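Generate coordinates for the entire structure from the input sequences, incorporating the hints supplied.
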Amino acid sequence: MKDIGLYIHVPFCVSKCPYCDFYSMRGDECDFDDYTMCVLESMQDWEQKLGRKANTLYFGGGTPSVLGADNLALITERAKKLFTVDDEITVECNPSTIENGFFQTLHDAGVNRISLGVQSAVDDERKRLGRKADRKTILKCIDDARKSGINNITLDVMLGVPNQTFDSLKSTIDYCIDTGVPHISAYMLKLEEGTYFYKNSEKLNLPDEDTVADMYSLLGDILEKNGYRNYEISNFAKPGFEGKHNLKYWNCEEYLGIGPSAHSFIDGKRFFYPRDILSFKNGDEPIFDCDGGDEEEYIMLRLRLIDGVNFDEFEKRFNKPFDKGYLEKAQPFIKDGYAVLDENSMHLTRKGFLVSNTIISEIIL
Amino acid sequence: MAVKKENIRNFSIIAHIDHGKSTLADRLLELTQSVAIRDMTEQLLDDMDLERERGITIKAHAVKLNYKALDGNDYELNLIDTPGHVDFNYEVSRSLAACEGALLVVDASQGIEAQTLANTYLALDHDLEIVPVINKIDLPSADAERVAKEVEDVIGLDCENAPRVSAKTGINVEQVLEKIVSDIPAPLDSDDTKPLRALVFDSVYDNYKGVIVYVRVVDGKIKSGDTMRMMATGAEFTVVDVGYMRATSMESAKELTAGEVGYITASIKTVGDARVGDTVTTAEYPASEPLPGYRKVNPMVFCGVYPADGADYENLREALEKLQLNDAALSYEPETSGALGFGFRCGFLGLLHLEIIQERLEREYDLDLVTTIPSVIYKIHLTDGTVLEIDNPTKYPDPAFIDFSEEPIADAHIFAPNEYVGAIMDLCQERRGVFKDMTYVTPERVDIAYDLPLNEIIYDFFDVLKSRTKGYASFDYEIKGYTRSNLVKLDVLLNGDTIDALSFIIHSEKAYGRARKIAEKLKDNIPRQMFEIPVQIAIGGKVIARETIRAMRKDVLAKCYGGDITRKKKLLEKQKEGKKRMRHFGTVEVPQEAFMSVLKLDE
Chain H
1 MKDIGLYIHV PFCVSKCPYC DFYSMRGDEC DFDDYTMCVL ESMQDWEQKL
51 GRKANTLYFG GGTPSVLGAD NLALITERAK KLFTVDDEIT VECNPSTIEN
101 GFFQTLHDAG VNRISLGVQS AVDDERKRLG RKADRKTILK CIDDARKSGI
151 NNITLDVMLG VPNQTFDSLK STIDYCIDTG VPHISAYMLK LEEGTYFYKN
201 SEKLNLPDED TVADMYSLLG DILEKNGYRN YEISNFAKPG FEGKHNLKYW
251 NCEEYLGIGP SAHSFIDGKR FFYPRDILSF KNGDEPIFDC DGGDEEEYIM
301 LRLRLIDGVN FDEFEKRFNK PFDKGYLEKA QPFIKDGYAV LDENSMHLTR
351 KGFLVSNTII SEIIL
Chain L
366 MAVKKENIRN FSIIAHIDHG KSTLADRLLE LTQSVAIRDM TEQLLDDMDL
416 ERERGITIKA HAVKLNYKAL DGNDYELNLI DTPGHVDFNY EVSRSLAACE
466 GALLVVDASQ GIEAQTLANT YLALDHDLEI VPVINKIDLP SADAERVAKE
516 VEDVIGLDCE NAPRVSAKTG INVEQVLEKI VSDIPAPLDS DDTKPLRALV
566 FDSVYDNYKG VIVYVRVVDG KIKSGDTMRM MATGAEFTVV DVGYMRATSM
616 ESAKELTAGE VGYITASIKT VGDARVGDTV TTAEYPASEP LPGYRKVNPM
666 VFCGVYPADG ADYENLREAL EKLQLNDAAL SYEPETSGAL GFGFRCGFLG
716 LLHLEIIQER LEREYDLDLV TTIPSVIYKI HLTDGTVLEI DNPTKYPDPA
766 FIDFSEEPIA DAHIFAPNEY VGAIMDLCQE RRGVFKDMTY VTPERVDIAY
816 DLPLNEIIYD FFDVLKSRTK GYASFDYEIK GYTRSNLVKL DVLLNGDTID
866 ALSFIIHSEK AYGRARKIAE KLKDNIPRQM FEIPVQIAIG GKVIARETIR
916 AMRKDVLAKC YGGDITRKKK LLEKQKEGKK RMRHFGTVEV PQEAFMSVLK
966 LDE
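Protein chains in written order, with this note's numbering: chain H, 1 to 365; chain L, 366 to 968.
One should not assume that every hint holds.
[What the hints assert, rightly or not] Below, simulated BS3-like cross-link-like pairs (lysine-lysine); rule was C-alpha separation at most 27 Å, straight line: (1) L:K882 x H:K199; (2) H:K199 x L:K935; (3) L:K882 x L:K831.
To be clear, the hints were calculated from the coordinates, so they are not data collected in a lab.
Here the structure is a predicted model, which means the values were calculated and not measured.
The structure is reproduced here in structure tokens:
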């Protein structure tokens with residue numbers, strides 16, 4: 001059996017960013033320790049129940065770094081013991097919450113990848129996004145991580161944020177490239193219901209859709225020129241530095257998510273913990289969502305990758321060849337340069353990535 | 366047991382919309398114990414849901430009330446309800462023709478409105494005794510004395526003894542009953558011995574009995590077993606049953622005699638066989654002359670009605686068939702549109718009638734519909750002398766063969782507080798109106814008369830009027846004839862293909878402005894697609910307005926939401942579901958809202 005990915009959701013943040021709708025709350029020291037205990041317990045239960053091994057571990061949030069280095073180290077060590085995690089171990093960090101020695105502790109526990117939320121290197125933009133760290137702090141963070149031995153670092157940036165221009169975007173990209181990190185994620189801002197941005201979108205001076213599309217293209221061009229491959233819609237990496245845990249999602253592979261709002265895909269079933277920390281601490285079972293992993297879902301996910309759907313892999317997984325019907329539906333998109341069909345695979349182009357919802361739904365639904 | 370003619374009173378209630386006609390009718394039913402209190406729901410006479418929601422009476426109904434007056438005598442009061450909207454003017458006039466008197470209900474805070482006057486004139490045309498009733502005196506803004514004076518000044522009715530009532534709370538409503546008895550004449554002219562002449566003032570289709578014909582017997586008698594004859598059509602039926610309408614049931618009777626109001630059933634299959642306004646006589650003892658005033662009502666407004674899902678075509682046909690059983694003014698015939706597939710060209714009395722039918726089709730028959738831009742009947746005179754009557758833009762001839770065209774004109778009256786005169790005149794001017802007259806109904810209220818082309822009224826005139834006058838203006842119109850007009854046909858092209866369902870006929874002066882607006886509306890309401898779509902509006906082959914719907918650039922989910930794959934899947938499914946509901950023109954997908962947006966340009 002293939003190793004699964006292990007995801008730990010840390011539902012705490014120092015403050016809520018105005019665009020974010022992920023499940024998180026403020027919390028204090030006691031909560032952090034208490035929550036850590038719950039996660040340890042839950043991991044123990046799941047290991048007994050599933051008896052599976054994991055090769056990746058990913059701390060997402062919220063802001064995992066808020067939990068503190070010791071708690072993160074504790075969970076990491078336990079995960080390694082229970083699930084024999086031996087490959088990629090990532091912790092998402094907010095640069096404004098990093099204390100001295102933080103990375104060293106993580107490194108010593110086995111963490112080997114750090115994800116830092118930069119969002120924008122332009123002060124005004126970053127402030128509007130509710131991000132407190134300044135350019136210098138972020139650089140120091142990267143430096144500290146490297147000094148502690150963690151060189152696999154990914155930076156998050158955002159496209160289409162208030163007041164953003166092509167020039168300001170370029171300066172953000174340059175800033176990221178200059179750090180020399182091997183991986184960059186670029187997310188187009190989406191106004192999520194219930195967020196401050198959603199309610200106040202009129203006042204935000206957001207770039208329009210076409211501008212954001214152009215920004216995405218510009219970003220892709222610059223990053224590719226600098227050796228980063230656009231291997232997934234929102235992800236860019238130097239060869240060999242693709243995010244292994246996240247690839248499991250796009251490859252339609254299995255993962256176990258622990259913590260409120262965390263999603264899982266195990267044994268063909270998709271299930272999740274509700275957005276309710278009390279329910280999680282109470283030990284409530286996760287909620288069954290639906291059966292997963294069918295052809296359509298697989299294609300939907302794989303088309304997010306620049307490698308697209310590989311016909312051999314498809315046949316191996318589903319014991320039948322890739323249906324001609326899909327190709328027929330894809331034909332107009334191929335003709336117009338949104339997708340490419342070669343001998344053994346079909347994949348979207350960058351232009352296709354931008355309208356991937358339409359293309360994917362046309363092909364699979 | 367039939368009462369003496371001296372003790373019969375046949376009356377209608379006339380009022381402007383929302384002045385409380387239906388509520389007053391309910392109170393009268395209650396007071397005469399025609400209906401048990403526990404059976405009272407609000408506004409009993411309006412029995413279609415739609416009527417209750419819109420606060421208008423769509424079809425006439427009638428009910429017999431028994432009342433013991435203060436003079437100690439028992440009276441039979443026949444209340445004939447009338448539709449309250451301009452589209453149903455003819456039906457109103459037939460209901461009034463069945464009466465000797467009418468209650469004129471006027472809102473004590475709003476005073477006289479357009480339909481108050483229009484209905485009063487109709488009632489006067491039929492020599493009815495008019496009994497004014499000032500209603501809604503319970504409202505804080507009520508000023509019964511001012512309104513009473515208004516009625517005296519404007520209509521010339523003595524209001525000194527007019528009941529001041531609140532139909533809502535019931536105050537003084539008993540005075541209304543006494544007024545009916547004392548002021549409205551009994552049908553003494555009606556003669557039982559003459560040949561039967563009964564006026565059809567309404568007819569409704571009943572699944573079990575067939576058509577129920579509501580009549581006022583003017584002369585003669587009718588009983589079951591008689592052979593009834595419709596004088597306009599000559600159709601004959603054997604009478605199955607006659608009787609009276611009660612508030613919640615029908616009451617069979619031995620016979621209906623002159624002066625009475627009641628129903629006849631005779632296994633008649635469609636209301637088209639017993640049209641409103643026709644005269645019923647008997648084959649055994651026929652009358653020589655029908656009652657005056659019958660005319661076949663003709664639809665004035667036409668539009669294409671298509672099922673959103675082509676598979677519903679048969680259901681739509683059946684639904685229209687059923688509605689027509691009960692609505693002789695509704696016409697329909699099959700038509701085909703390149704854009705919308707199979708549907709029907711439907712004819713309506715007016716825009717309200719259209720909206721009501723559309724809503725009933727959607728609500729009662731659960732149909733999803735696409736309707737095209739409404740059209741009036743244009744007369745197109747060709748160079749060879751023939752005259753085409755066109756209610757469908759797709760039948761518009763090649764302009765090269767047109768000598769000249771004519772369009773229908775309405776005699777329109779707008780009542781409003783005088784501060785809105787400017788706004789109203791601006792609107793009428795925009796709609797190509799020709800100013801006729803302006804009279805002060807009271808020092809603060811005016812009656813503005815315009816000749817307005819019907820095709821300018823049927824889009825959204827009333828909605829715009831209401832919004833520009835904060836709802837204070839009231840409006841009434843009547844078709845007065847045809848006038849020569851410079852018309853053109855506008856075509857809409859998407860991606861180079863003409864969308865026939867969006868074509869319409871318009872005055873040439875307005876063509877450019879309208880074309881620009883339509884192009885903009887379509888651009889705003891057709892979602893961007895994977896390729897660029899030119900939107901062109903053309904007269905003949907000449908494009909007069911153009912917009913471009915640029916190709917969609919961005920439609921992507923950046924994040925995977927921590928492995929929440931289901932969320933993404935659902936989003937795509939929802940998107941796909943939305944597309945299914947769109948119309949496909951070649952490769953272009955057009956949502957229903959785009960059609961609707963072209964209908965309502967001024968919003």
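Hints and how they fare:
1. L:K882 x H:K199: Violated, because 30 Å separates the two Cα atoms, which is more than 27 Å.
2. H:K199 x L:K935: With a Cα-Cα distance of about 23 Å, the restraint between H:K199 and L:K935 holds, given a limit of 27 Å.
3. L:K882 x L:K831: holds, 21 Å
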